[in-house]
Structures are given as structure tokens and as C-alpha cells.
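Based on the provided sequences and hints, a complete structural model is requested.
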Amino acid sequence: MHPTMKILSGTVATVLLAALLALPAAAAQERPDLSKGVGERAPIFAVATSQGTLADYDRDYYGKHHLVMTFVPAGFTPV
Amino acid sequence: MSRSTLFRFLACALLFLSGCAVQQPQPADPLAALRTPAGTVVWQQEYEFVPPPAPWSLIQLDEDDYSVAFYHSCADRMPRVFPCESTMAYAEEPFGYSRVFEERQEEFFERFLWAARVNFEEPRLEKTTLFGKEALRAETVGHEPVLAQKVLVNVIFARRGERVVAFYFTQWRPEDRAFDRGHIDDFNQFAESFRFLGPSFYQRLTSD
Amino acid sequence: MEGHQRNLYLYDRFNARVAGVSRNDVQTLKFWAEDLGLTFPLFSNTVGHLGIFFGTLREGYPMFSRATVIIDKWGTIRYLKHGSPDYREILLQLKALHEEEKSR
Chain A
7 MHPTMKILSG TVATVLLAAL LALPAAAAQE RPDLSKGVGE RAPIFAVATS QGTLADYDRD
67 YYGKHHLVMT FVPAGFTPV
Chain B
2 MSRSTLFRFL ACALLFLSGC AVQQPQPADP LAALRTPAGT VVWQQEYEFV PPPAPWSLIQ
62 LDEDDYSVAF YHSCADRMPR VFPCESTMAY AEEPFGYSRV FEERQEEFFE RFLWAARVNF
122 EEPRLEKTTL FGKEALRAET VGHEPVLAQK VLVNVIFARR GERVVAFYFT QWRPEDRAFD
182 RGHIDDFNQF AESFRFLGPS FYQRLTSD
Chain C
345 MEGHQRNLYL YDRFNARVAG VSRNDVQTLK FWAEDLGLTF PLFSNTVGHL GIFFGTLREG
405 YPMFSRATVI IDKWGTIRYL KHGSPDYREI LLQLKALHEE EKSR
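Chains as they are written, first to last, in this note's numbering: chain A, 7 to 85; chain B, 2 to 209; chain C, 345 to 448.
Some clues are possibly wrong.
When the alpha-carbon atoms are kept at most 25 angstroms apart in a straight line, the in silico DMTMM-like pairs for lysine to aspartate or glutamate are as follows [stated by the list, open to error]:
(1) C/Lys446 - B/Asp209
(2) B/Lys128 - B/Glu163
(3) C/Lys425 - A/Glu46
(4) C/Lys374 - A/Asp62
(5) C/Lys425 - A/Asp39
(6) A/Lys42 - C/Asp430
(7) A/Lys70 - C/Glu445
(8) C/Lys446 - A/Asp66
(9) B/Lys128 - B/Glu193
(10) C/Lys425 - A/Asp66
(11) C/Lys374 - B/Glu104
(12) C/Lys439 - B/Asp209
(13) C/Lys439 - B/Glu93
(14) B/Lys134 - B/Glu107
(15) A/Lys70 - C/Asp356
(16) C/Lys417 - A/Asp62
(17) C/Lys374 - A/Asp66
(18) C/Lys425 - A/Asp64
(19) C/Lys417 - A/Asp64
(20) B/Lys128 - B/Glu140
(21) C/Lys446 - A/Asp64
(22) C/Lys425 - A/Asp62
(23) B/Lys134 - B/Glu49
(24) B/Lys134 - B/Glu108
Derived list of chain C stretches under chain B, where covered just means 3 residues or more per stretch with a C-beta under 8 angstroms from a C-beta of chain B [stated by the list, open to error]:
(25) 352-364
(26) 432-443
Since the hints were made in silico from the structure, they are not lab data.
Where a beta carbon is used, it is the ideal one built from N, C-alpha and C, also for glycine.
Structure follows, in C-alpha cells:
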């Protein structure tokens, strides 16, 4: 390899490495900790359901029922 | 590397390897500490039963599908026959959801032995009693068509409080071998000897 | 999920409702519910914000981790546990909530 090429490829590698290292830090800045814990107010949400309905927390549960939600990685996984 | 370091390293390696080679000796009777003078066994402070006689042996797998289970191999009698084994178990939370026996057995056979890929024949149902209450016995044979194996299944659905509990019996054989129905007598004796030592979690939960 | 279905009649007595949550699409969850014979809804949260709210969506990982959360009828999170559901603990929590509800 020509010496100039060697230097160039080294520079490219360094820049790439720096970019890769910077990635997690940048992602962490993009996603602040929004998680809520016991004792905090639950977020307002509405999501589609397996029953072809819209589950609207405020309309269907708030002031009416306690709500248990179990999070699973994906359908057809054992829980 | 000095000679003493090398020696220590070799000693550690040997110790590690010996752990792999030597199996822990099985205790002669794993139920010994749980036996009562009356010949029964007290299990998890919750159940009392007469365990099936040897060569039935206790099995403990890392599963929560059942509360207590026993295994009977026939490898000694029929060494070249595979599969050749029987199991029996008590399950606090049998597959399915309904508290109505007839519905529960249908749901049960949708899930039971699902990982073994068997197709069950239509089960024969028989009303019976257990714990002085109505119970339901279901017997069927499941077939694994690809491996040419079959399994005889006998399940007793019984009641504990308002919930359904169950006793399972399975016996695996190659498709061209006969079942040994004598083992079902051991299973029946086990189920009939079974007692609850107190109210269940669910009975306590709903008692007040 | 089977444990929830088996306990539905008790949840009913404690004025509780139950749902599963994953990032699958509605159609997949419909098939899964049919396969298991579930009569309660499975929430399809493809975007994943519910997982972010309840700390079950690890960064850089596409799926939720297992966790169970209980929100009381007044809108406050009362229980949050990671891992497979502890059905008995859930029932005890709901019983306590129901008693609180009767005394309010």
C-alpha cells in the first residue's frame, strides 16, 4: 500500500471509531429517562388491542377498574 | 511459571475436572425426611400422600407445571424398547382455565404434552369422586406419528375449594407395543391417598 | 398469560381488569390470544412508548422485557415488578386495592 493511502485509511478508521464510540452517548442524550415507578401517576395512553378495539386508559379504566398489565417480549413466547 | 504455581494450577484443574466426573450419589430415599409414622409423606407442608412403591421414584424438574411427580422406567425389563416409561403427578394449576370439569378437560388436552407433538384420541370421560367431592376422569391415547410413539394418558380432575386441580398419569411406548395398565392402579392409589393439610392460597384469599 | 386467564374470575371480584402488552401488531396478538384461548385483551404497542414509561424497553433492544404493572382505579401505579408475573402476589395486591376501594 502506498504510504499516503496508509495514512488516509488510518484516518478513516479513526474517524469511524470515534463516530461509533460517540453513538451510545448521543442516543442516551436523545432518550431521557421517562420511566415511572410505584406511587407515581400513570401515563395517559390509548393502544389498539387483539380484540380489534382501542384501549383508551382514561375512557376504559380510569375511575372504573384497577388495571393489571403484563409486558411480554412478543406473542407466542411463554409467560 | 514457578514449580509451585504450576502445581497449584494443576491441583485446581484436577479439582475442577473431578467435579465433572463424579456424580453426587443419589440418596437412597429422597423422601426419608418427609415420612410420617403412618407411612405417608408430608410434602411442602401442604399435602400428605402415600408415595407409589419402588421402583417408582421421585422426580424434580425445574418446572412449575406440577407440584409433585414420580417416574417409573422400564428400561431394565425392556432394555431395547424406547420410549418406555410412566409418570404420575399432582398439579395445582392444570392446563386450561374453566372451573367446569367438562370444559376444563377440553382446554387441558389442547395444551397437555404439546411439546411432544402428540395427537390425542377423543378422551373417554367418567364421573368419579375424589376428596369426597365430584371429580372427572379422562383417559385417552396420544400418537406421535413421525416417531411412531404413543402415550396413554389418564387424568383425574378434582376440586380444591372452587378451583380445579388434577392428577396426571402418562405411559410412553413405541406404537407397536402394548401398554402396561397395571401402573394405573399405582396411580389411583396415589390419588386416593392424597390429602390437603389446610386451605389453599386461593381459599385463604377469598375466605374473608 | 394462562395464569391471568385462570384468575379472571378473581380479578373480577376485586374490580380489576387485565391486559397483556407487547410490540407485536394487532393481527399477531389476535392469533396468539386465539391460540391460548384468552378472553382478555392484548395491547399492541408497536411504537413501544408503554415499555419506555414502565422501564421494560431496554435501550438498543427491540422487545419489551417481562414485567407486570398494576395501576389503581385512581390512576396511580401501585405495583411494578420485572420478570414473569407472580400471580399470587398480583392477587394479594388486588385484594388490598379492593379493600381500599371499599373503605374510600
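Against the structure, the hints:
1. Note on lysine 446 of chain C and aspartate 209 of chain B: the hinted pairing holds, with a Cα-Cα distance of about 14 angstroms set against a maximum of 25 angstroms.
2. Note on lysine 128 of chain B and glutamate 163 of chain B: the hinted pairing holds, with a Cα-Cα distance of about 18 angstroms set against a maximum of 25 angstroms.
3. For the suggested pair lysine 425 of chain C and glutamate 46 of chain A, the alpha carbons sit about 15 angstroms apart, so the restraint of at most 25 angstroms is met.
4. Taken as a hint, the lysine 374 of chain C and aspartate 62 of chain A pair is honoured in the structure, with Cα atoms around 18 angstroms apart against an allowance of 25 angstroms.
5. Restraint check for lysine 425 of chain C and aspartate 39 of chain A: the C-alpha separation of about 18 angstroms stays at or below 25 angstroms, so the hint holds.
6. A hinted pair counts as satisfied when its Cα atoms are at most 25 angstroms apart, and lysine 42 of chain A with aspartate 430 of chain C qualifies at roughly 20 angstroms.
7. Distance restraint check for lysine 70 of chain A and glutamate 445 of chain C: the Cα-Cα separation of roughly 11 angstroms lies within the 25 angstroms cut-off, and the hinted pair is therefore satisfied.
8. Note on lysine 446 of chain C and aspartate 66 of chain A: the hinted pairing holds, with a Cα-Cα distance of about 20 angstroms set against a maximum of 25 angstroms.
9. Restraint check for lysine 128 of chain B and glutamate 193 of chain B: satisfied, since their Cα atoms lie roughly 15 angstroms apart, inside the 25 angstroms limit.
10. Taking the CA atoms of lysine 425 of chain C and aspartate 66 of chain A, the gap is near 23 angstroms; set against the 25 angstroms cutoff, the hint holds.
11. Our distance criterion of 25 angstroms between C-alpha atoms is met by lysine 374 of chain C and glutamate 104 of chain B, whose separation comes to about 22 angstroms.
12. Our distance criterion of 25 angstroms between C-alpha atoms is met by lysine 439 of chain C and aspartate 209 of chain B, whose separation comes to about 10 angstroms.
13. At roughly 21 angstroms between alpha-carbon atoms, lysine 439 of chain C and glutamate 93 of chain B fall within 25 angstroms of each other, so this suggested pair holds.
14. Restraint check for lysine 134 of chain B and glutamate 107 of chain B: the C-alpha separation of about 21 angstroms stays at or below 25 angstroms, so the hint holds.
15. This hinted pair checks out: lysine 70 of chain A and aspartate 356 of chain C have alpha carbons roughly 12 angstroms apart, not beyond 25 angstroms.
16. At most 25 angstroms may separate the alpha-carbon atoms for a hinted pair to count; lysine 417 of chain C and aspartate 62 of chain A meet this at roughly 14 angstroms.
17. Distance check on the hinted pair: lysine 374 of chain C and aspartate 66 of chain A sit about 20 angstroms apart at the alpha-carbon level, within 25 angstroms; holds.
18. Among the hinted pairs, lysine 425 of chain C with aspartate 64 of chain A is consistent with the structure: their alpha-carbon atoms are about 23 angstroms apart, no more than 25 angstroms.
19. Between lysine 417 of chain C and aspartate 64 of chain A the alpha-carbon distance is near 10 angstroms, which keeps this suggested pair within the 25 angstroms criterion.
20. Among the hinted pairs, lysine 128 of chain B with glutamate 140 of chain B is consistent with the structure: their alpha-carbon atoms are about 12 angstroms apart, no more than 25 angstroms.
21. Proposed proximity of lysine 446 of chain C and aspartate 64 of chain A is supported: the alpha carbons are some 21 angstroms apart, at most 25 angstroms.
22. Between the alpha carbons of lysine 425 of chain C and aspartate 62 of chain A the distance comes to roughly 23 angstroms, so the proposed pair stays at or under 25 angstroms and holds.
23. For the proposed pair lysine 134 of chain B and glutamate 49 of chain B, the alpha carbon gap of about 18 angstroms is at most 25 angstroms, so the pair holds.
24. A C-alpha spacing of about 22 angstroms is found between lysine 134 of chain B and glutamate 108 of chain B, which places the hinted pair at or below 25 angstroms, so the restraint holds.
25. Coverage of the stretch 352-364 of chain C by chain B holds. Counting CB-CB distances below 8 angstroms, 4 residues qualify, and the rule asks for three or more.
26. Coverage of the stretch 432-443 of chain C by chain B holds in this model, with 4 residues showing a Cβ closer than 8 angstroms to a Cβ of that chain against a need of three.
The structure shown violates none of the earlier numbered hints.
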